[in-house]
Structure formats: C-alpha cells, structure tokens
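Chemist: Listed below are the residues making up each chain.
There are 2 protein chains.
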Amino acid sequence: MVKKTVVVLGVDGYLGWATALHLSRAGHDVVGIDSLVRRRWDRECGTQSLIPIKTMPQRVSLWNRLTGRTIRWRLLDLRDAAAVTELVRDVQPDALIHFAEQRSAPFSMIDLEHASLTQVNNLVGTLNLLFALRDYAPHAHLIKLGTMGEYGTPNIDIEEGFLTITHNGREDRLPFPMQPGSFYHLSKLHDSHNIQFACRIWGLRATDLHQGVVYGNHTDEVAMHPGLATRFDYDAIWGTVLNRFCIQGALGLPLTVYGKGGQTRGFLDIRDTVACVRLALEHPAAKGEYRVFNQFTEQFSVKALAQKVSDARAAHGLKTSVVHLPNPRVEREEHYYNAKHQKLLDLGLQPHYLGDTLIESVIETVERHATRVDPVELEQPNVDWRRGGTAGWHQRAESPIRPVVLVSPTSKPRRPSSAAVASRVAQRR
Amino acid sequence: MVKKTVVVLGVDGYLGWATALHLSRAGHDVVGIDSLVRRRWDRECGTQSLIPIKTMPQRVSLWNRLTGRTIRWRLLDLRDAAAVTELVRDVQPDALIHFAEQRSAPFSMIDLEHASLTQVNNLVGTLNLLFALRDYAPHAHLIKLGTMGEYGTPNIDIEEGFLTITHNGREDRLPFPMQPGSFYHLSKLHDSHNIQFACRIWGLRATDLHQGVVYGNHTDEVAMHPGLATRFDYDAIWGTVLNRFCIQGALGLPLTVYGKGGQTRGFLDIRDTVACVRLALEHPAAKGEYRVFNQFTEQFSVKALAQKVSDARAAHGLKTSVVHLPNPRVEREEHYYNAKHQKLLDLGLQPHYLGDTLIESVIETVERHATRVDPVELEQPNVDWRRGGTAGWHQRAESPIRPVVLVSPTSKPRRPSSAAVASRVAQRR
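Protein chains in written order, with our numbering: chain A, 1 to 429; chain B, 430 to 858.
Derived by calculation from the structure, the hints in this document are not laboratory data.
Cβ atoms here follow ideal geometry from the backbone N, Cα and C, with glycine treated the same way.
Among the hints, a few may not be true.
[What the hints assert, rightly or not] No more than 25 Å apart at the CA atoms, straight line, and that leaves these computed lysine to any residue pairs for SDA-like: (1) B:Lys483 - B:Ser790; (2) B:Lys689 - B:Thr582; (3) B:Lys716 - A:Asn155; (4) B:Lys432 - B:Arg503; (5) A:Lys343 - B:Thr595; (6) B:Lys689 - A:Gly288; (7) A:Lys319 - A:Gly355; (8) B:Lys769 - A:Asp172; (9) A:Lys287 - B:Lys433; (10) B:Lys483 - B:Leu495; (11) A:Lys287 - B:Thr582; (12) B:Lys769 - A:Gln179; (13) B:Lys433 - B:Lys716; (14) B:Lys689 - A:Ile201; (15) B:Lys716 - A:Lys343; (16) A:Lys287 - B:Ser790; (17) A:Lys340 - B:Phe591.
[Said to hold, decoys possible] Chain A is faced by these chain B residues, among others (derived, beta-carbon under 10 Å): (18) Leu556; (19) Leu559; (20) Ile585; (21) Arg629; (22) Thr800.
[Claimed, not checked] Label pairs and their in silico Cβ distance ranges: (23) A:Asp157 - B:Arg518: 44 to 52 Å; (24) B:Leu504 - A:Lys3: 41 to 49 Å; (25) B:Asn584 - A:Asn155: 23 to 31 Å; (26) B:Gly598 - A:Asp80: 44 to 52 Å.
From just these sequences and the hints, can you work out the full model?
Modeler: So this is what it looks like as structure tokens:
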C-alpha cells in the first residue's frame, strides 16, 4: 500500500471520525477538519449522541496514546474560502474525504431557514474545495459522500451514476435521472452536478459515494477504547431508522414505522462505510474522471427491518410491537427498487450483512447508555415534509436543560422499564 | 382573457422589463420587483447597455403617461426572505414571472467568488419564493426562467423536461438527464430540481421555461418610446452571440467565433420571449404540476449565425470577415443537437424567425448608439472556463471612468470607421 496524505473533512461526525481512525490505522497520514457545527446543531435541536463522545483534542490524543499514530486535527469551517485554500495549499493532500455537510433530511425540512442553510452550507463548502483543488492540488482525489437518496425511487433499475439511453434511434451514456426527496438530498445532487462539471472542465478527479443508510456504531478502531467512541444518533432529526428501531426495541417501546413501511432503501454497516472509503482512496479516479459508486450492501423495506428487530428480540423471549404512524415524509410507500452496487464489490469489498448479532450488539450498546435516552425523541417524528418542524423539533423553551433521568446506575438491567419510560414521556408532555 | 395579478421579478432586466410591458398592455395587473443589482454588476465589470436605459421610476411613470396603465414598482432583493414573504402575502399574485437571477455564464466563471455568488443568489432567491408561495399563495403559478443550457449537448434528441426511459424491461417517465456547462447553468438546474420537488410535496404549480439564446431589442411595447428602451448587452460577459455579431458587423469589425463554431443552440426573438411568457401565464400549470417548456424557435450553429450576419451585410455591398478565436469555454464544438420545442407552439405561439430584416434592424440600432460602443469589449472574451477571468474582465483600474468616445454626434453615418475603431482599440491596450 502506498501511504497517502488524506484530509478527512467532517472528522467530528458519526462516519468522519470512524473513517479517520480506519485510514490512520491503515497507515495513511490523516488530517482531520471540522467546524464542530454539529455539536451546535445538537444544542439547537435539543438532541445528543446516545454514546457520549469526547472532544476532538481528547480523541486524537487518546488515539495517539493507544496507537502511536497522529491525526492532525484542525478546527476549520469549510465555508471559509480563504481557510480552505490555505489548507489545501499547505497540506498538499493526495486525497480528501468530504463528509463536511449538513446531512439530515428532517433538519433541512424544518423551515426555510434550515432548507436554505443546508443548501448554502453544502454547496459553498464544496465549491470552495473545488476551486482550491483546481488552483493548488489538481491531482488530488476528491472522495465525496453523496447519498442513494439522490436517485429517488424510479420504476427502473438504478445504475451507478450513469445510464446508457437509446432514444429515437440514437444512444448516449448520460447521468442517471435524479429525483431527490428532501432539500438535504437535493443539496447532494447539486453538489454532484458541480463536482462532475469541475472534473470535466478542470480535469479534477472525483469519486461520488452514493451511500445508503448506515447502521451500527462499532468499527475495529472505534471499539479499541470507550474514549474513541463515535457519535450515535437515534432521535427524529439525526437518527436513522435501524438505529431508532434498536433503541425502541431495547427500551420495550413499539417500533415506529412511517406509513405503510414499504419504503425500500439500501443499507450498510458502518464497518463497510470505512472499508468502502478506503477502497476508493486506494483505487483513485483517473484525471478528469467523475465516477459514482453506489455504497450499500443490502436493500430492505422499513417494515422488513422492523421485523428483523422484532425477531432478534423474540429470540430472547421478548415481544416487540410495531406501530404505523402517519408518514411525515412525502414519498412512495410501495414501489419498485433495485439498485446496483457492484463497483465496490469489484474493488474487493467484503460486506458485513445485517444479522441478529449486529442488532443485538446495537441493543446492548443502547442498554449500556439507556440513561441518556430521551424517550420523547422516540415517540413521533417532529418534522413534517408538508408543514415543516412541529412544536417539538427544537430545544424546548420550557426545559432548556434536559431533565436528568433517574435510573440507578447499578440497576440491572439498566434498560428502564416500560412503565418508567411511559411516566417520563408523560412528564415531558 | 382573465385579468391576472402578476409579479415580474427582475423587472429591470433585458427580458423582465419587456415582459412587464407586454403583460401590462395585455391588461394584466403587473407588480415589478428588482434589486437593481445588475446596474451594480455593470459598474463592477465596466460594462453598460448599448442602448441607454432610464431608471425604473422614470420608466414606469412614462409607461403610465403613454398608456394609462400602472406597473407597481418595488425595490426588493429576492435574497431577503422576510421581504419576499411580505410581498407574496400582500400582493396575493395569481402568477410570478421569475427572471431575478444572475444570468451570465461568463460572470459565474470569473472566479470562486462569482461562482458562489451566482449559485447562492439564484438558489436562495428561489427557495425564498417557494416557501412564501407554500405559506401565502399556494395556488399561484410560478413561471421560472430556466435555460436550454441545462440540457447540455447530449447525443440524443432533447425532450421538453422529461423522457420516457426503458431499461432492463421496465419503463418510467423521468427527468431528462442534464449536463449544464457553467456554474450559472448549474444554478438553473439546481433551481429546477428544487422547484420540481416543491411542486411534488406542496402541490405548487410551476412552469420552467428552458429558454434559448434571445436576440433583438424591440417588442411592440418597448418600441413605443425611446424612454421605454430595454437594456441591450453586447460585451463578453453579458452579451449573447448574435447581438455581438450584429455590433461587430455594424462597426466593420470581424465577427469573432469561439473555436470551430459548430456549437449549436436554440435561439429566439425577444418578441417571442414575451409572447411565450404570456402563453404560459394564460395557460397555467395544474396544482402540483411541474412542467417544462423548451422556449426557442430555431436552432443555429454559431458559424451559421456569423454567415447570416455576413450575408445581411453583403446585401448592402459590405464585406464582413469572420475570425475564429481559441474557445474560452469548455464545450463540444461539433455535436448532434435536436431539441424539441412543441409545447409553446401547441399553445399558439407564432414565431418570429430570424431574417435579414431583424439583423438589419439590430444593426441600425447599433449604428444609432455607436458612440457608446466600447470596442475593447468586442475583441476577445475575457473569462476563460479553465482559468477564470483574465486581466480585462473588470473595470480597469487604470481608467475607472470609461473615456468619452469622440465621435461627432452630427457625423453621418454615426458608425465609426474601422480606422477609428482600430485607433481606439490601440489606445485601450
């Protein structure tokens, strides 16, 4: 393996941190960048990571103590063009892994302010990067985190970025037609178009990872020490569906399916995310190439996922109920879905498929941190695609500091009883 | 005809002003909005309209004196969300014609600052409108000026916005795959996706006019009085190709073709622009419908246009030369191009096709205002797609005020001699 100098943008995030550790351990020289804005958004939304996470300086210094490896940490806002230019000029990276975007669909749908913030933040940061690369590191490989959500749910097979189309007797290979489902997903599509254009006119090289929904919270590196934990979101704004189901299952709460639950998406284990990024890094795009990898390993419908969590609980004699809530999103609830995901397999990806063991390990993590669960976050979605954020989306004015949950740290199991949860839910209403 | 209350956003611009007059004369109640930023950008770029234009208050008051009709003029920046909300709430429009965007591809390619400004300005303004419509005028019809440049130059026929695709035995009607060619064109594509999404989730109604390159400077209304003139750009940043050729032809300068000149695009007369907008207005999209009309009447290659201008001059015994300059853009110079443009014809559009008469009338206008021509603007493109703005793109530091061109106002013809132009060009070097 050739050692590369890699900038991980968004290193304080769920996947950014795990990726930085994975690449550092693999021997690459990692520079980690973040504005820490996600911690501020947590305060705004009244949300927090289920698993406590250390500050960036604490985490990189612990990593250094444990492994002898250095991650160079820099506080930097990607919207600051001069700072981005200086970063690229100084570091002269071989590659940049770009996670540094607002990444929640519900957050982008709260209201105009959040829609606009999401699109401007994501576009401007990426434009700043593209121009800095053109001027100071035109050979560097940009690895951009996109989303499978750019495609939407067309009634044809989803290819990896491009599609050969025959029309009126002529043929061309063209960008796959896209139908994103939120202002966040749209921001990723806007980025994709901008990056593709920059590759075409400036000869930059980029890999757009159209990623599915990630689950899990452990990679080999994160698991080395509790102080290396990466964040784990379960709330209605930042959490993803499988993580939410595991928490609901662990607490004995019903699993909340939005609408009919026939919504089908691509999913992957966080261990595969870090492996995919490394594969893209070690097999770079060619000069002038813009390529798309669909980054997921399996497709599931939401109701199939709920069933899997129920089944894993049933194996321990626990009964889990599933409730269908009115869908806060505007999306098809029964649809065709068949998305290709061959390119990363061709590069050597060894998938971790979703099994009971993973679900149980997530549930076990939840139980360990059960005192940090805010059950109100698990009840109802608090952002509606049609009307925006409902009263409960942000830090509640009447209780700016979340009440301490009174569960004895010595009680076994730490999982609060359904009755305790119900009583806490009642208190918060 | 049902009288409609219509907001024209970007009413101070080349097409916005002509459209406002056309709709006002047709009996609609017109509210005209502009931030006047274009006049500021002219100062920044050292450019100006060939035809002198009055201030907005002067123009609307003259219109009122001449016709008895009122255009309600408001100074407003579309990026100001609160002002946009108030506008929509107060006016309760039946329709909004949205021209209020940065609309120059070269301007967007000057540097990072201008790329970012273009995309943020255009996206944020349109997002502000979409949310204001959702909340205060969900039945209003948004008529958005897009561009044929969103499509790029695919090797298949270009349809109007959507394409039925058969793939692996399944079929869907999907957005046409897009490949825009500048950060400006990309901004229009981003808007298109945002608008399409807003129609889908909020039931808004929108028409996206994917317009070709507009030429000409007279409509029936603009022609009523010199004080009603609309702007006419010929420089390398704001001007379009046919207008530039007409000015070059009028001044006896060579016509400057970028590259091979096989670049083929859709074109239309400004009289057809105002007619198309009126057709869209009077035949609105349905609730929840996002539709695309390709708004042009004829296709030409750049070299064919140069030939047309040469031919029109030759009919008067004048010889015009054509020079090929290195192409400052990154684009195909020989390609297939066949774009559909049936929907506006189906609604009743009566095209004004490009003929010698039009070219001669433009040339005659140029001659009338020849003293205002800055020949340096006609020489070389000053923004390069690969490297950005060259030294000459902005107001030249050494001559912040353009020199007065000493051509006697009584000389006939007013057209400066080639020798005079050559000497002025030399002075400016």
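Chemist: Each hint needs a verdict: does it hold in this structure or not?
Modeler: Structure-based check of each hint:
no., hint, result
1, B:Lys483 - B:Ser790, "holds (22 Å)"
2, B:Lys689 - B:Thr582, "holds (16 Å)"
3, B:Lys716 - A:Asn155, "holds (23 Å)"
4, B:Lys432 - B:Arg503, "holds (21 Å)"
5, A:Lys343 - B:Thr595, "holds (23 Å)"
6, B:Lys689 - A:Gly288, "holds (23 Å)"
7, A:Lys319 - A:Gly355, "holds (18 Å)"
8, B:Lys769 - A:Asp172, "holds (17 Å)"
9, A:Lys287 - B:Lys433, "violated (53 Å)"
10, B:Lys483 - B:Leu495, "holds (15 Å)"
11, A:Lys287 - B:Thr582, "holds (22 Å)"
12, B:Lys769 - A:Gln179, "holds (22 Å)"
13, B:Lys433 - B:Lys716, "holds (17 Å)"
14, B:Lys689 - A:Ile201, "holds (18 Å)"
15, B:Lys716 - A:Lys343, "violated (41 Å)"
16, A:Lys287 - B:Ser790, "violated (48 Å)"
17, A:Lys340 - B:Phe591, "holds (23 Å)"
18, Leu556, "holds (5 Å)"
19, Leu559, "holds (8 Å)"
20, Ile585, "holds (4 Å)"
21, Arg629, "holds (7 Å)"
22, Thr800, "violated (38 Å)"
23, A:Asp157 - B:Arg518: 44 to 52 Å, "holds (45 Å)"
24, B:Leu504 - A:Lys3: 41 to 49 Å, "violated (58 Å)"
25, B:Asn584 - A:Asn155: 23 to 31 Å, "holds (24 Å)"
26, B:Gly598 - A:Asp80: 44 to 52 Å, "holds (50 Å)"
Of the numbered hints listed earlier, those contradicted by the structure are 9, 15, 16, 22 and 24.
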